[in-house]
Each structure stands twice: as structure tokens, then as C-alpha cells.
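*Asks:* Mind docking chains R, H and S on chain C? Use the hints.
Residue numbers (our numbering), protein chains in the order written: chain C, 1 to 135; chain R, 136 to 270; chain H, 271 to 760; chain S, 761 to 1250.
Derived Cβ-Cβ restraints for the label pairs, each shown as a range:
{"#": "1", "chain 1": "H", "residue 1": "E731", "chain 2": "S", "residue 2": "F1207", "range": "54 to 62 Å"}
{"#": "2", "chain 1": "S", "residue 1": "G1109", "chain 2": "H", "residue 2": "N490", "range": "51 to 59 Å"}
{"#": "3", "chain 1": "S", "residue 1": "G1109", "chain 2": "H", "residue 2": "E731", "range": "47 to 55 Å"}
{"#": "4", "chain 1": "H", "residue 1": "K734", "chain 2": "R", "residue 2": "K140", "range": "33 to 41 Å"}
{"#": "5", "chain 1": "H", "residue 1": "K734", "chain 2": "R", "residue 2": "V215", "range": "57 to 65 Å"}
{"#": "6", "chain 1": "R", "residue 1": "G224", "chain 2": "H", "residue 2": "K734", "range": "53 to 61 Å"}
{"#": "7", "chain 1": "H", "residue 1": "R504", "chain 2": "C", "residue 2": "A119", "range": "25 to 33 Å"}
{"#": "8", "chain 1": "H", "residue 1": "T667", "chain 2": "S", "residue 2": "Q1087", "range": "17 to 25 Å"}
{"#": "9", "chain 1": "H", "residue 1": "R341", "chain 2": "R", "residue 2": "M136", "range": "18 to 26 Å"}
{"#": "10", "chain 1": "R", "residue 1": "G224", "chain 2": "S", "residue 2": "E858", "range": "38 to 46 Å"}
If the Cβ cut is set under 8 Å, some of the chain S residues that face chain H in the computed set are:
{"#": "11", "residue": "R779"}
{"#": "12", "residue": "R782"}
{"#": "13", "residue": "E783"}
{"#": "14", "residue": "S1067"}
{"#": "15", "residue": "D1069"}
{"#": "16", "residue": "R1093"}
{"#": "17", "residue": "L1130"}
{"#": "18", "residue": "H1163"}
{"#": "19", "residue": "R1167"}
Here are some chain S residues the structure puts well away from chain C; computed CB gaps all over 12 Å:
{"#": "20", "residue": "P889"}
{"#": "21", "residue": "K997"}
{"#": "22", "residue": "E1050"}
{"#": "23", "residue": "P1123"}
{"#": "24", "residue": "L1194"}
{"#": "25", "residue": "T1208"}
Just so you know, the hints here were simulated from the structure itself, not pulled from any lab data. Even for Gly, the Cβ is constructed at its ideal location relative to N, Cα and C.
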Amino acid sequence: MNEAKVESMVWSLLDGHRQLEARVDREGEDYVVAFRGRKLRVQLEDPRAWNGSGAGKQSSGIAKITTPMPGKVVRVLVEVGAEVKAGDGVVVVEAMKMQNEMKSPIDGIVKQVAAVEGATVNGNQMLVVIEAHAG
Amino acid sequence: MNEAKVESMVWSLLDGHRQLEARVDREGEDYVVAFRGRKLRVQLEDPRAWNGSGAGKQSSGIAKITTPMPGKVVRVLVEVGAEVKAGDGVVVVEAMKMQNEMKSPIDGIVKQVAAVEGATVNGNQMLVVIEAHAG
Amino acid sequence: MLRKVLIANRGEIAVRVIRALREMNIPSVAVFSDVDRHALHVRMADEAVGIGGAASADSYLRMDKIIDAARKVGADSIHPGYGFLSENAAFAALCEKEGLIFIGPPSSAIEQLGSKTSARQLAKRAGTPIPPGTEEALNNANEAKAIAREVGYPVILKAASGGGGKGMRRVEREEDLEAAFRDASSEAERSFRDSAVYIEKFIVRPRHIEIQILGDHHGNMIYLGERECSIQRRHQKVVEEAPSPFIVNHPELRAKMGEAAVAAAKEAGYTNAGTCEFLVDIHGNFYFLEMNTRLQVEHPVTESITSIDLVKWQLRIAAGEKLTLKQEDISIRGWSMECRLYAEDADNGFLPSPGEITSLSLPGGPGVRLDSGVYPGWKVPLEYDPLLIKLVAWAETREDVVHRLIRALEETHIGGIRTNVEFFLDLLADTEFLAADLHTGFLDEWFTRRKKHEFTPAEIEAAKRVSALARRPKPQQVHVKSKWKELPLR
Amino acid sequence: MLRKVLIANRGEIAVRVIRALREMNIPSVAVFSDVDRHALHVRMADEAVGIGGAASADSYLRMDKIIDAARKVGADSIHPGYGFLSENAAFAALCEKEGLIFIGPPSSAIEQLGSKTSARQLAKRAGTPIPPGTEEALNNANEAKAIAREVGYPVILKAASGGGGKGMRRVEREEDLEAAFRDASSEAERSFRDSAVYIEKFIVRPRHIEIQILGDHHGNMIYLGERECSIQRRHQKVVEEAPSPFIVNHPELRAKMGEAAVAAAKEAGYTNAGTCEFLVDIHGNFYFLEMNTRLQVEHPVTESITSIDLVKWQLRIAAGEKLTLKQEDISIRGWSMECRLYAEDADNGFLPSPGEITSLSLPGGPGVRLDSGVYPGWKVPLEYDPLLIKLVAWAETREDVVHRLIRALEETHIGGIRTNVEFFLDLLADTEFLAADLHTGFLDEWFTRRKKHEFTPAEIEAAKRVSALARRPKPQQVHVKSKWKELPLR
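With the rest of the complex left out, here is chain C (with noise of 0.2 Å):
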């Protein structure tokens, strides 16, 4: 495959007569590789255990509820030893005039809240940590 460098983060690769511009942007750990409008996600780095939107998804063991995007916590519905079942709200952040509640993966205890009302949050910032109901 010929390389040619042609800007900053984007090439011009010759598979034979085909060609492929490809521009690379950084995204966290990850690399994300747009082709015509087309962006695909390329890990270099072993994905980390519990970090990430990933692991909110577990249903057993401990879940870290992140933002998935920048914005303002708004309201903190849970505190530290409160009981949630799956589905309930812990969180609500608002950016560009929309509000986002986010909601427990699992049913379990309130181990952790790091989220503050009115606080500014980074994409993928941890929010609430809970732990499921041991069995």
C-alpha cells in the first residue's frame, strides 16, 4: 500500500490503482478513521476494564455511571447508600438546551457520588458508582 502524507492526521493510500483518503482524529485512547463522511473507531491500546460507557452497561458487579457527553449536572437524584433498582435516574445533565437523565444500569447500593449540582462535566467523567446486590 502506498502512503502519501498529504495533511496533518489525513492520507492518501494507493491499494493498487485504488484509493482511499483516510483522516484520523484522536478520540481518547482510541483513533477514529473517517472515509468519505465515514468515521470508524480503531483501538490501539487494550480497552481499559471500567472505564468508558462500556462498563455502565454491566448488569452484575459494579457499575460507574459517566457522562457521554460535556455538559452540566443539573441534579443529583441519589446519595451515597441509597438503594436504585435498574431504570431509575441517578443524574441529570443538560447541555445545548437538552436534558439527559442518566439511569442505573443495574439494581444495587449507591457506593459513590462525585456528580455536584451546577458543576461543569467532561465527556466521559464519572458521575455515581454503584454496586449490585451481592448473588
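*Replies:* Coordinates of chains R, H and S only, in the frame set by chain C:
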């Protein structure tokens, strides 16, 4: 004046309420500042004597003929020791389908010929040095 | 002509207005909140005035600060754009009181058309068809039940002061009406500080088709064809086009709807640019929905097919000029379609995605218009609407314009944040979309059948390759002072 | 339809053709010389083939390599763009022989129209008006003298195989004719390897007005209005517009000239897109100048006012499709004007200015079309034509389009090289230009009265300030390996 750097080498300036967007590019020792498509040259350093295209305009002393643009030397019309009159062609440089004949600005003797036929030259590269006749 | 215009807005619409002003040699004044000092609309303006904090309530919604800014710079007129104060009758009235030209309709027209119930009454007086239902706010659920029996289910409850889909509830059966009434009222109270709710017959699989109008202060008013905006999510338009594929097949409707829109606007004493929104059922019955008393986001598609510059006409009309265009001068050529490029994660419930645009490459070539409010390096603030760029295409036919938009979207690269570019690429390739079988529920149905894009093996291979290249550390650029060289390195 | 198209060109025109192909779902193949591996047209193509060295003679003019590339990738057709091989009858003939579709007229038409003298003869046969003079090359200066006496001075000598203003000499008086004949012949010999020269009456203060035509392989041919290209320097067009301000005031000429162009093209057995160039004198007499047997650089202004995509029609016609457009379908809307943005130093004899585009910011908004062949970071090679970007604007009137172009030029920033942006800003503000009193010598006259732009004191102050800011060194970014830290630093 309130200055906001909005991009690399681009400023938005507020002078009271008047807003000016200034885009800066380096060109050799100078800075070129653009306001709405119009470019203004700013010399921060002292201009060096006998360098750049201004030097070619001397009518006595030494004239260094330099290329006003990158290109290819297609013909060298003089040799060291040759006598030239002001207006005589000394070197022909071609770029982008256009041939440009560099002319001597003074009457004098060719002291040095740096141009080589077929060679690629950069902008402002010295081609020929001519010394004016004494007196 | 106007002497100096302050734009009480931000983003792409402020840029749009500034461009019109520059082409007319009228000085432009931007206003900006603290997070918008670096914004594109500020960079392009002749003058700029800071008006306060990042939150809209502290800046772009502060009437006093905006009037004050206009005074300070000697502006004689204010363009409100869309959103923010654009449909605020109190702001228009304040401008009138302060002797500033509000570039829009008179405050009295905004007032009458601002409440959905009074707009319904007005449309009824003008003979503009309205959906069967009430013109007045309901006092209780029992009133709602009586009317629902009369007009037949399904019905829809709507907040009288509403907009943007808030305070709305569709009801299929009488037993659900009471709960829906309660929900709609309380949502209306929360969103608009007005719990008033009214009821209408729900139009099944309707199209959203709207008529652009222009009226001057000399009694002249025309309509400039229609736009179809049936592609909506959460009652927000996403793709707009002109003409409407439905009207093209029912050409007699254009004049009928146009005249109905003009009649309603005249009844309100309307001037300047405005839009009359209709719901159209499959039989071609059309019903007045509401009047938007401002420039619409989607105005460029009308400009593209009529070759008329709506913003320049807004400015001329505001300056008291006569509308020299006659109804017979308005003709339609080709097809235009707009994609609203948003900073949002279209694969994740359209969550907003503010942040820095780390790289930006935009399309060009024939038939492509870009109304952008951003630039590479701009940090999209989280406080405002996530609209980044309007990508508008024009071509000879609807099929051609869809292909042109796809080509243009493929040329678009917005790095660092998530956008809906791929959502549009998928939607525009949909066969039912191409068949123009549109209705306001189209997107909800489409999401369930949406096909996932498959990358080719060559693309996947290439992606890995360039990621590795991107990761490769650059040759170490260590600037070492010369004396360091003399140190003994092990 | 065509199966796969190879574009035997580079720069903005290759990009233009690739965009049309992508919108029609036809695979595109770029070719590139060694210095063009990173060029924009390569980045946008589906396939790309290297064809040799930087010099055109080693790559873009190598018929064998281009045919070979088409074979390798399985292309069935070749679009020649403009320049390079586009008007080379031998290349068109080679394509025909090799069974490849040449997207342009048949080689026989190029052949007949390629020599100015045979084109003159052909136009005469077709009844298309030609300037008084010879149809045949002159044998000597005495023949020239005899004809000059007949048609009257001033006369012009032209190279029979010429183009681009080379081998041309205007002669005012008989005593200058002999020297001019010698000069023109030798320049023609040097430039075109053909010393043949012919003579014509010189039209004083003529306008350059040209007619766009389209013809299919089924005997249908139409004209698509005119373009005025009177703004020239060294016989090179710089600003083009459509319609022509002169024709707008003499509307009967459009059909007359259009029919004359079609007659000449039919006489040559012409197909596909072509342009018939005329000189028009102040009385409205028009004279056949030459036929350009290819797409013109300035085709977008015709596309803008007719709403017809010329490149897509080139492709359809080449594929054997019928021209479904009838003459009565062609109508003109608004006004369009093009500025050719060149890498050149407009303040210094328009010397080419190749080099790296260190920063690039392009205009957008309503009525702006950009046909660009460059991107930020692209190093403009010195081997080719310095055209970077065509900035095309459309608006309702000529005055509006000039103001729009000025606004768009003010939004344009091309850093690192010199361009003619400021030249256009000055020219478009000229009152005689606005008055549309154009002729081919307009620019020469304008240069003598050109006003120098004056910066405001605030701008000069700001320029110094930002230069100082730009100069300020960044905090030293030294990446030191950890073990170095342990070294004893004095």
C-alpha cells in the same frame, strides 16, 4: 485594544467596538498581515542591505539579480567578466508556463554567475552579481 | 436604507445576516456572550459588543443589554435572527418604544400569532383552514373529552404557549385523555410558565408543508412557494426541501395554500418575512398549524429555487422600501434540500456533542451552499443550540439534489466532535426517502429499518494502517542548548 | 452510461469532473505526475495512476501513458478537461482507434477547428460572420500588405496554429507590416512549430463574447446563452460573466450569435460541449474568432444562469444519450461572474508565485460557488498553470453579483503565496467596470488609472500589534528523556 487569538496566526481585535480580523503569515523576515483580503507587509527586523528584490533597483554600486519567484533556470545569458548595459537580459527563469527574463538594472561588469541552466531555484535566490562601472 | 444593523443572535444565522449587510454596504454589529468572544459571527462583523455571561438568560435573552449595545454603537435597527428574542413580542415592542427598527413584523402581529389559541382564532377569521378542535384553552379534562367525541380520535393536546414539541400529547382513546391532559398541562407549566392546553384532531401521517411569505409596509404581500419539512425528530426539523414533492404532484395546492397563508398574515397586520406552517393529509387537505413570525432556519432552500434573497428583502422592507416583486414574478426552478449539521451523537440518542472542532474540511463545487457558524479550532459551547452548519444543495431534480448532497456530505469532515453527517448519508440513501413518501413520523419508522453501513475490508485495513502511522511518535524534537552536547552521555 | 472515466487532467477541472462523476455514481480515475501525488484531484478520485515526471511533456501530455492507464484500470472513456490534450486532434483520434470514448467532439471536428485558417474557411461556409481578411496562411509580407490595403488598417497578424496570444501582432501602419510579419512568423514557429500566419482586420475596442453550445450524436444541438470575457490580460481571460451586459442591451443578438455558433459547429460535425468565440464591435457586428473544442474554464457562469450542468451533459452525450433539452428550454436567470484566483504576484507583472499554501480560508454563504484544486498545506508546483481556485458568484443583478464577489473575496485568505485577490478587489470596485463599459483592452487602460488601496491607521496599528504577537516565541517545548534529568547540569 482587546486581542483574541482565534486560530493559529489569526486574531480578532476590538478597538472599542470596532472589530478587525487580522491574519498573519511569515514571509522571510517580514510578517504579512491580511485584513479582509488586503495584505499589509510589516518589517520587524531591519531590512538587510543588498538582499531581496529591492537591491536590484540600484543604479550604481553592486546589483545582485535574484529570482522573484521559484522556477527553473532555462537560459543563462551572461558570463563572468561580460559587460552589460542596464536593461540587458542576464538569466531566463521559467515557472508555470511563463518565461521571465531577468534584466540588469545597471551598466556594469558581471562579477559572479550563480545560475546554472536547468537548475531549480527558490524565490529570492541570487543568480548574478553585477558591479557598476566606477564613476 | 438602514444605517447600521445590530444582530441580536449568534452562530450561522448571525453570519448569514452579516453577509447580506456586507453585500449591501451596511455596517454590521455583532453581540457576544463571554464564551462567544472567539465566535465566527464576531470575527466577521464590523463592530462587536459583549453582552454578558455564557447562559442565554445572561446575554442573548437580555433585552436591556441588547438595546443598550445598539445605543452605544449607534445602530438604528436590530435583526433578531431565529430563536432567542426573535418571536418575543415584548422585545419587538421595546424596540418600537425605543425608536429602533425591529427587523421583523410589528409586535402586535407577534403577540396575536404567538399564542396558538389566538393564532387559531385569527386563522379562522381569515378563512385559513384549521384542524377541528378548540380555539380556546381547555378548563379541564371533561371539556377535552366532549370535543374529542365531536372531532373523533385520535386527538392531540397542545400547550397554548408551546413550541418545539413540548407540552404535546397524542391521545388514541378516551380512557387515556385525563392523564394526558394532566401531563400536557404540567409540562406546559414547567416549559412555558403557562399551563393552558388546547385540543385538536390529530392528523394521521401528515406532511409538514410551510409557505414563505414577504410583506411590506405598503400593503403588498406575496408567497414564495412552499417548503416540505416532514423529516423531523422530536418535532425538530432535520431535512428540509423545496419544492414539496407532494405539491409538485398536486400543483393546484401551491396557490391555495399560498393564498391562505397570505390571508392569515394580513389578518394579523403582518409585515416582513414570515412562515405559515400547515399539516397536509394524504388527501391534500391542509390545516393551519402556526405562523413563525421570523426568518426560518430553512430559508435557504426557498432562496435556492426562487432566486430571491430573503434576508436582503427583510432589510429593505424594514427600511420602508416597497416590495417590487409581484406574485407573478415568483417562479420555481429546480430542487433544493438542506441538511442541518449538528454537534450531536446520532448513534446515541442524538445527545449533544459540544467540544473543539479539531479539524474541518468542507465541500465545494456546483450547487453547494454552506451557511456555517464554525471554523477549525472553534470550541462548540455547550450553552446553545448544537447547529453547526447548514449544508444546502441545489440541482435540476430531486434525485440529482439527493446525489449532490451525498457527494457533499462525503466531502465533509468535522473532527473532534460527533455530528450527524453519517445519519444523513444513511437517510439520503433510503429508497423510501428517495420515493418521497414523507410524513412527520417518517424518521421514527426509518430508525427501525435503518441499515448499518459496512466498511470494506480495504477500508478496515487502511484504518488500522493510518492509525498506526498517526500513533508513531515523531522524530524526537529535542532542542538542546549547545553546552549540553559536551556533557558525557552514558 | 459510461462505465469508468479517466480524467486526463489535474487541478480544479479534474476535481470538477470527479464531482460530477461521483454524483452520477460513475467511478473516477485520476492520473498524476510525480509532483501531483498529493494533489486534491488524486485525493478525491476512486482510482489513481501515476503517469510520469513533473514536466507536462513527461506526464499529462503523454498520450501513450494516458491510454495505457485507462487500459490498466478498465476505463471506457477519457475526459480531457481543458488545456493539455483537450484540443489535440491526434489524441482524440488515438482514443477513437483504441476504442475509448473521448469525452469531447470527434477528432475530425477538432482537426478542422484547430487551425485558425481552416476554422475561418469553415465559418465562412456556414455563413458565420468572420473578420475581413484571409482564410489562408500568407506566403509573404507582400500578400499581407495587399490584403491590409483592402480591409483597411489597423490589421492583426495571427499564428494559424496559435492560441494564448502568442504569434499575434497588431499593425497600425503599412510601414510596420513587414517587421510585424517576421516577428509573428518566428514566434509562431517557436511556439507552435508552425510559422504560418494569416491576417485579419483589427476590430477596435471589441468585446469578447462567446456562445456555449451542446450537441449530441443524434443531430440535436442547442446554444446556452453567451458569456462575456472582455477582461483580459495578455489575451488571457481574468473575469468572465454571463449574461453579457452588451447582449442584455441588444437582446436580438443572443439568438443571432447562438444560431451562427450552432451553424459553424454543425458544419464541423461537432458533438459534445463547445464554445464559439466572437469579437463584437460597438455597433453590434460580431465576428467569428475561433471555436474552443472543449469545456471552458469559465463554464460555471453559464451553469449558474441556465441551471444546466454542462459536465453532466458532456458525460451523457458521450455515452450516446439524447440531448433532451430543447432550445426553448434554455432560459437565463440572474447574473453570474467568475474570478480566477491565480498563484501570481499581481503587483509585480503577474509573475507566477508557486509555493506552499500555508493557510487557506474560503468564503461561503448564498450565491458563492468554489471550484478549487488546492487545500491548506498544498505546495503549488511550478510546472503547471497557476490557477488555484475559481470563485464564482451568482445574484439577481450584475450590481448584486459584484458586491457579492467583493464580500467573498474579503472572506478569502490564501497564505504563503501571492495571489490576485487584491487585484480583483480593486478591479471590481472600479466605476467603469461597474458601468460595464467593457472591451478587450479594458485592463490595460485600467492599470493606468488603478487606485492604490489605503489602509486605515487602525489597520496599520493592528498589523504591527499582531506581528509582534506572532513573533513572540512559544514556551520552549523540550521533550527530555527521563534519564537525562539525572545528569548534573551546571
